[in-house]
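Use the sequences and the hints to build the structure in full.
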Amino acid sequence: MSSGGPNWFKYASPMAFYPLAGRLIPWFAVPAVVLTAIGLYMTFFVAPVDYRQGDAYRIMFIHVPAAWMSMWLYICMAVYAALGLVVRTRLSSMMAQAIAPTGAMFTFIALWTGAFWGKPMWGAWWVWDARLTSELILLFLYIGVMALRAAIDDTRRADRASGLLALVGVVNVPIIYYSVQWWNTLHQGASISMTAAPTMSRIMLWTLLVMTFAFWAHAFVTSLMRVRGIILERERHAEWVAEMVDETK
Amino acid sequence: MNLTEFWHMGGYALYVWSSFGVTAAFMVGELVLLRRQRKETLDRLRRIRDIET
Amino acid sequence: MVRRDLTLVMRNRADVATILFFFVIVVSLFPLGVGPEMNILRTIAPGVVWVAALLASMLSLGRMFAADHADGTLEQLLVAPAPLALLVLGKVIAHWLASGVPLVLMAPLLGLQFGLPADGLAVLMVSLLLGTPVLSLVGAIGAALTLGVRGGGVLVSLLVLPLYIPVLIFGAGAVDATVSGLGGQAHLSILAAMLVLAGCFTPWATAAALRISLD
Amino acid sequence: MLEAVDLECVRGDRRLFAGVGLTVAPGELLHVRGPNGSGKTTLLRMLCGLVKPVAGEVRWAGRPARELGDGFLALLTYVGHHNAIKDELTGPENLLVHARLCGAPDDAATLSAALERLGMKAYGRVPCKVLSAGQKRRTALARLLISRSPLWILDEPFNALDVGAVATLQQAIQGHLQRDGMVVLTTHQDVPIDGAVKTLHMGA
Chain C
1 MSSGGPNWFK YASPMAFYPL AGRLIPWFAV PAVVLTAIGL YMTFFVAPVD
51 YRQGDAYRIM FIHVPAAWMS MWLYICMAVY AALGLVVRTR LSSMMAQAIA
101 PTGAMFTFIA LWTGAFWGKP MWGAWWVWDA RLTSELILLF LYIGVMALRA
151 AIDDTRRADR ASGLLALVGV VNVPIIYYSV QWWNTLHQGA SISMTAAPTM
201 SRIMLWTLLV MTFAFWAHAF VTSLMRVRGI ILERERHAEW VAEMVDETK
Chain B
250 MNLTEFWHMG GYALYVWSSF GVTAAFMVGE LVLLRRQRKE TLDRLRRIRD
300 IET
Chain A
303 MVRRDLTLVM RNRADVATIL FFFVIVVSLF PLGVGPEMNI LRTIAPGVVW
353 VAALLASMLS LGRMFAADHA DGTLEQLLVA PAPLALLVLG KVIAHWLASG
403 VPLVLMAPLL GLQFGLPADG LAVLMVSLLL GTPVLSLVGA IGAALTLGVR
453 GGGVLVSLLV LPLYIPVLIF GAGAVDATVS GLGGQAHLSI LAAMLVLAGC
503 FTPWATAAAL RISLD
Chain D
518 MLEAVDLECV RGDRRLFAGV GLTVAPGELL HVRGPNGSGK TTLLRMLCGL
568 VKPVAGEVRW AGRPARELGD GFLALLTYVG HHNAIKDELT GPENLLVHAR
618 LCGAPDDAAT LSAALERLGM KAYGRVPCKV LSAGQKRRTA LARLLISRSP
668 LWILDEPFNA LDVGAVATLQ QAIQGHLQRD GMVVLTTHQD VPIDGAVKTL
718 HMGA
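Top line first, the protein sequences correspond to chains C, B, A and D.
Read in the working numbering, the first sequence has 156 at position 156, and its numbers run on one by one without any break.
Plus 249 on top of the position in the second sequence (first one is 1) and you've got the working numbering.
Plus 302 on top of the position in the third sequence (first one is 1) and you've got the working numbering.
Plus 517 on top of the position in the fourth sequence (first one is 1) and you've got the working numbering.
Be aware that one or more of the hints could be misleading.
List time: in silico SDA-like cross-link candidates among lysine to any residue, alpha-carbon distance up to 25 angstroms [what the hints assert, rightly or not]:
hint, chain 1, residue 1, chain 2, residue 2
1, C, K119, B, W266
2, B, K288, C, K119
3, D, K569, D, R580
4, D, K646, D, G636
5, B, K288, C, M244
6, D, K569, A, G450
7, B, K288, C, S13
8, C, K119, B, F275
9, D, K569, A, R513
10, D, K569, D, H599
11, C, K119, B, S267
12, D, K646, D, A625
13, D, K646, A, P338
14, D, K569, C, L139
15, D, K715, D, L539
16, B, K288, C, E239
17, B, K288, C, R88
Chain D is nowhere near these chain A residues, computed Cβ spacing over 12 angstroms in every case [unchecked claim]:
hint, residue
18, A319
19, T320
20, F323
21, V328
22, P333
23, G337
24, L386
25, P419
Bear in mind the hints are in silico, worked out from the structure with no lab data behind them.
Just so it is clear, the structure is predicted and the values come from calculations on it, not from any experiment.
Note that beta-carbon positions come from the ideal geometry of N, C-alpha and C, so glycine has one too.
This is how it looks when you write it as structure tokens:
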């Protein structure tokens, strides 16, 4: 999401980016809805019933994409934070701030659906599985970044401080993941693990991809909408905001 | 696959529907929240501008 | 830098004592909560001692920069020609000597309370010796970031605890492995690797965090 | 030669100052005047590199200060509002720390001589927390006497000082200027300093 998108130099100024974001939102909102619909249809009607878990495994079609998204959005946030720190463009820090809540939401969804999928599969709401645990830690990292930003009043310092924390976090994510992996195999052995999902038939794989793109589109929409809110908030003294406020009477 | 069978989800109705329900609730909720937030900021800015001019 | 901080610490010895007593009290709480059976205590001992060490070292993080920030000496560090990361390393070492080392020395005594065998105690000390500096190094980033921020103390724990988890896993794991006869060598070597990694990278991050906080 | 070109600073979302330019040649003193809250302290901190300007640049002998990094920091001594002394340490110990930090001579003779000039000799053994505000300020200013850096940046150096100390500091500054040193200071008291004195009005 961060490759093309808004960081051409011309769009680096919040004022120029605001209308662009406005135009982009419908372009992502429509595919979000369409893809979700297709994904749901495929999840329920196309994917075959799993011989072992019956229909419970359908939860996988939201759990796995949500887990991927939580990881990807954290990395995107860290990239924008790095941009904000190095290149000092305020817009990148705003984007980092806009992405965080959506990332945290996907992490929470991944955890919730993980627990609900674990119940029928292993009979326990919460299983100290390597991936679920690192997902939980990822949630703490998200909350840490957002809490730090909320605690600092000066927006410039808040951007830089939470940006640095996001970078420190992103360096630690692999370390945490592998140490949890090691810890998990140490105590329980590799028997129970989410990755041993049912063998992927082509249809299932497609459903997963469709759902992932649907989530991507959703993340775009929410981040762009939130970044517009942040721009309004921060540029409220600028005269273009005043004009803009008049237009949307 | 008629409706009632669909609803039962092979006996896992509770888990499947609650997880889908929560996901949907959060995603839609986020959109609604953002839209309301945008309207609030706009109103607030408008009120500030009226006071200033 | 380290000398100055050490003389400082010597001047107000009370702080060192509070950290140590906190560590002892937290560890001794567990048997009261869990019950006196030795075999249970022995299994949870590594985890308990390590979690207590984590919390104790985190408590004292707040003090690392706050005092210097208040009386203006921190500013002088940023204005001094010496590289900031080096000065930060000095401060972290001083903090570790004041908060980490006492824990390492006290840990075997507490280990006895939990009926840990001799080799377990030895590995406990070594793992703490390797682990606590990493706690101070990583914690310094959190302390610098939350300098002068309201609710700083609690916030530090929220920021820093997730980053402590790998150290906790391998620290407690080392003792656990030794006690169960598997040998904690692999864990200790990973802890040592973490120490080197943290030693090289965290001072830069802390220096950057300090510059941001004093902007 | 210190130079700053149209510096701009934003605090929160309030622009403190913009387009501020200044030059200080060797042997010159720049007196930064302005009402409270006009950004005097922030400007001084910006010159020391503590605060990053939103726009504009601080230059030393034509080259941007950011590039010089520690090299530039070696050239300046900064005395801010805070005394930057540790209450638990005694005067000489505090001074020793500063000397070590900026590579100034740190032998006992120079330290006690500096303290003596500011009348703090008698308090050598005493931890600073028992000293009065004025005495603490003197201990902080003793830093200037031992430092060899050409550029002094002083934020309200005279407040909490009694007449005797003001005179000593005045001589020290004049001596520094005669040795082609440069001083940038803010103060509300009018202390006559002969030599090339320039003023910069902030928030005018």
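Hint consistency between K569 of chain D and R513 of chain A [alpha-carbon to alpha-carbon, up to 25 angstroms]: Holds: K569 of chain D and R513 of chain A sit about 9 angstroms apart, inside 25 angstroms.
12 angstroms Cβ clearance of L386 of chain A from chain D: violated (9 angstroms)
P419 of chain A and chain D, when compared Cβ to Cβ, separated by more than 12 angstroms: Correct as stated: the minimum Cβ-Cβ distance to chain D is 43 angstroms, above 12 angstroms.
Pair hint K646 of chain D and P338 of chain A, alpha-carbon separation not exceeding 25 angstroms: Answer violated: K646 of chain D to P338 of chain A is near 49 angstroms, above 25 angstroms.
Restraint check for K288 of chain B with S13 of chain C, where alpha carbons must lie at most 25 angstroms apart: holds (23 angstroms)
K119 of chain C paired with S267 of chain B [C-alpha distance capped at 25 angstroms]: It holds: about 12 angstroms lies between the C-alpha atoms, which stays within 25 angstroms.
K119 of chain C paired with W266 of chain B [C-alpha distance capped at 25 angstroms]: Satisfied, since the Cα-Cα distance of roughly 13 angstroms is no more than 25 angstroms.
Distance restraint between K288 of chain B and R88 of chain C, which requires alpha-carbon spacing of 25 angstroms or less: With Cα atoms ~29 angstroms apart, K288 of chain B and R88 of chain C exceed 25 angstroms; violated.
25 angstroms limit on alpha-carbon distance, applied to hinted pair K646 of chain D and A625 of chain D: holds (22 angstroms)
G337 of chain A non-interfacial with respect to chain D [C-beta, more than 12 angstroms]: holds (45 angstroms)
Assertion that T320 of chain A lies farther than 12 angstroms from chain D (Cβ): T320 of chain A clear of chain D: closest Cβ-Cβ about 16 angstroms, beyond 12 angstroms.
25 angstroms limit on alpha-carbon distance, applied to hinted pair K569 of chain D and R580 of chain D: This hinted pair holds, its Cα atoms lying about 16 angstroms apart.
In terms of the numbered hints stated before, the structure departs from hints 2, 13, 14, 17 and 24, listed from lowest to highest.
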